[in-house]
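Quick mapping for you: the protein sequence lines, in order, are chains C and D. At position 183 of the first sequence (counting the first as 1) the number is 183 in my numbering, and the numbers step up by one without a gap. At position 5 of the second sequence (counting the first as 1) the number is 5 in my numbering, and the numbers step up by one without a gap.
The hints are simulated quantities; they were obtained by calculation from the structure and are not laboratory data. Predicted, not measured: the structure shown is a model, and the values here were computed from it. You may find that some hints are simply not true.
Identical chains share a label here; the pair holds if one copy fits it or two copies do between them.
As the list claims (entries may be wrong) - 20 Å max Cα-Cα, derived DMTMM-like pairs, lysine to aspartate or glutamate: (1) K192 to D214; (2) K192 to E220; (3) K192 to E173; (4) K192 to E209; (5) K115 to E175; (6) K192 to E4.
Number of protein chains: 2
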Amino acid sequence: MTVEVEIWTDINCPFCYLGKARFEEALEGFPHRDGVRVVHKSFELDPTLPHGHSDAVVPHIAEKYGISEAQAAANERGIGAQAEAMGLEYRTEGRDFGSSFDMHRLLHWALELGKQETLLDALYAANFAEDAPLFGDTERLVQVAVNAGFDEASVRAVLADSTAYADAVRADEAEAARLGARGVPFFVLDRKYGVSGAQPAEVFAQALEQAWSDHAPELEVIGGADACGPDGCALPARD
Amino acid sequence: MTVEVEIWTDINCPFCYLGKARFEEALEGFPHRDGVRVVHKSFELDPTLPHGHSDAVVPHIAEKYGISEAQAAANERGIGAQAEAMGLEYRTEGRDFGSSFDMHRLLHWALELGKQETLLDALYAANFAEDAPLFGDTERLVQVAVNAGFDEASVRAVLADSTAYADAVRADEAEAARLGARGVPFFVLDRKYGVSGAQPAEVFAQALEQAWSDHAPELEVIGGADACGPDGCALPARD
Chain C
1 MTVEVEIWTD INCPFCYLGK ARFEEALEGF PHRDGVRVVH KSFELDPTLP
51 HGHSDAVVPH IAEKYGISEA QAAANERGIG AQAEAMGLEY RTEGRDFGSS
101 FDMHRLLHWA LELGKQETLL DALYAANFAE DAPLFGDTER LVQVAVNAGF
151 DEASVRAVLA DSTAYADAVR ADEAEAARLG ARGVPFFVLD RKYGVSGAQP
201 AEVFAQALEQ AWSDHAPELE VIGGADACGP DGCALPARD
Chain D
1 MTVEVEIWTD INCPFCYLGK ARFEEALEGF PHRDGVRVVH KSFELDPTLP
51 HGHSDAVVPH IAEKYGISEA QAAANERGIG AQAEAMGLEY RTEGRDFGSS
101 FDMHRLLHWA LELGKQETLL DALYAANFAE DAPLFGDTER LVQVAVNAGF
151 DEASVRAVLA DSTAYADAVR ADEAEAARLG ARGVPFFVLD RKYGVSGAQP
201 AEVFAQALEQ AWSDHAPELE VIGGADACGP DGCALPARD
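So that you can see chain C by itself, here it is in the shape it has in the complex:
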C-alpha cells in the first residue's frame, strides 16, 4: 500500500525549495511515511532559455516585474526571511537565474541510481544557500554533483550528451501541462490530488492523510460469482 507523490519542481524556483522542506516536515510527521514514495519531476520555469544562460537574480526579477532593483532585492529578502524561519539558508545576492535543463537531465539520471533526492537537495543548496552563479557555470554544477557523492566521469558523460534524459525532461513537462500545472512546486498524490505551491505543512499533511485513507476504504465489492469458502465451493447448477 503506497501513496505515490510526484513533485514537479525547478531549481530556479525558490518556492520549490521552501515547498520541499514543508512537504518533508509533513511527511516526517505522517504515521504511514514508509508507505509514501516520492519522485521529483522536471518543470523549467523558462524552457526557452539557451544552454548556459545566466541572469543575475535581482536584475532579472526587477525586469520581469517592472520594479526597481531595490524592490526586487527587498522581495528576495522577504523570501529569505521565510526560508530562514524554516531553518533553510537563503542568499539574496550573487545568485543567478538560468537554464535548468541540464540539471533536470541529471535528476533523471540520479533517479535511476536511486539518488534523486540527494542530488536535488544538493542543487537547491548550491543555488539558494550560496552566493555564486550556478546556471552559467557547468564546472560548478559538476562539483556540486561530485560533492554530493556522484561519480565525476558519469556526471560529465550525462552533461556532455545533450540528448541524455532529454526526452524524460520533456515528458515530465508535457505531463505537468496535461495535469494542469501552470507553476511549481506542484505536488500530485496518487494522480488524484494536486497541491499547488509552497503550502503550509498542514496542507500537505491533510493531503497525505486523504490519499492514504483512499487506499483503505471499505472495498466496493462485486460479488455473486462462483467462489470457494470455508463452507465449500458454490456448486454449479445441476441438471
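Dock chain D against the given chain C, drawing on the hints supplied.
Just chain D now, kept in the frame of chain C:
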C-alpha cells in the same frame, strides 16, 4: 502509474483456477496491461487441516454438502465442463483436498524470486489437470516446483523449515479477513475495488478500467500558495 491487483487464492479452490484464467483474459485485452501489477495472496480454505492432510476430492465434497458421491462427481464434472470451455484441463477423479499451507509458504518464497506466477500456475496444473493426489504427497510437490524451474535444494529447505514464510501466509489471511473476504478467489484492485469469485472476464475488464481511470481523473487541486510559473514567482507581501 500502476494498478495494484491482489488476488487471494487457494490451490484447493477450483474457482480460483478458473478465476485466474478469466482475470488473465481480461488483462490480456486491457490496453494498459503493462501498468498492472499482480500479486497472489494466501487463503487456506481450511486452515485447520494438519500438515499432509489429504482427502479424496469426491468423497470430501459428498460429505461436506451431504450429497451422494454420484452427485459430488457430477458437480465436479460440471466444474470440469466450465474449465474445458475456457481451454483449461480439469480432472474430476483421483485428486485430493488438503492442507495448502506449505504451498502458500512456497508461493511467498517464489514471490521474492519474482516467479510467483510460474509456481502458482504449476500448482494449479498439478492439482486440477492431473488425476493424482498433491496435498498428501510432499515429494510430488517438490517435483512440481522443480519441473517449474525452481532449485530443488531450495524448495526442500523452505518445506523443511515450517516457520519459513509462515507469518507471511498468516498475514495474508488476516488481511483477507480485514477486507471482508469470506471466500476465494478474491481480487482487490488498488485496495479500492473488490471482485469476489470467478466472475466473467468482462467484469474483471470493467474493474481494471475503473481502477485505471481513478488514476487519471481531473485532479482535485489545492491552490493559493506561493509558487513560480512562466511569468515569475508570486511576490511576498511588501511593507
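Legend entry - Hints breached by this structure: Of the numbered hints, just 5 does not hold.
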